[in-house]
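Could you build the full structure based on these sequences and the hints that come with them?
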Amino acid sequence: MEIIRDLENYLDKLVNDYQNLKEENEKLWQELEDAQSKIEKLEEEKNRLEELLEEQQSSLNKMVERLQNLLSSTSELPTNQEMMWGGDQANG
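All letters in the sequence shown, in the order written, are residues 830 to 921 by my numbering.
For the record, the hints were derived by calculation from the structure and aren't laboratory data.
Any given hint might turn out to be false.
SDA-like cross-link-like pairs, simulated, lysine to any residue; straight-line CA separation at most 20 Å [unchecked claim]:
1) 870 x 859
2) 875 x 863
3) 856 x 875
4) 842 x 853
5) 842 x 854
6) 875 x 865
7) 856 x 867
8) 891 x 903
9) 867 x 878
10) 856 x 866
11) 891 x 881
12) 870 x 880
Below, the structure written as structure tokens:
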């Protein structure tokens with residue numbers, strides 16, 4: 830009789846352990862799915878930010894190029910002093 834009670838207790842323990850492990854497994858799967866979803870959202874955000882960065886870099890490059898063109902075109906213009914003295918005479 831005692832062996833049967835021991836077996837019943839052992840079986841109850843196995844069933845309880847199985848239920849606890851099943852609940853823990855379901856919880857871990859949910860955490861994994863949540864983490865994967867978060868990773869996907871972060872990847873999308875990263876891609877969006879990379880695209881925005883590329884657009885901003887392109888805009889800045891264009892503005893720098895325009896500024897360089899403007900500066901090079903203004904450096905070719907004669908200064909007021911050169912215009913008054915007729916070219917290179919201002920230096921000598």
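For each hint, the structure was consulted:
no., hint, verdict
1, 870 x 859, "holds (17 Å)"
2, 875 x 863, "holds (18 Å)"
3, 856 x 875, "violated (28 Å)"
4, 842 x 853, "holds (16 Å)"
5, 842 x 854, "holds (18 Å)"
6, 875 x 865, "holds (15 Å)"
7, 856 x 867, "holds (16 Å)"
8, 891 x 903, "holds (18 Å)"
9, 867 x 878, "holds (16 Å)"
10, 856 x 866, "holds (15 Å)"
11, 891 x 881, "holds (15 Å)"
12, 870 x 880, "holds (15 Å)"
Taken one by one, the earlier hints fail for this structure only at number 3.
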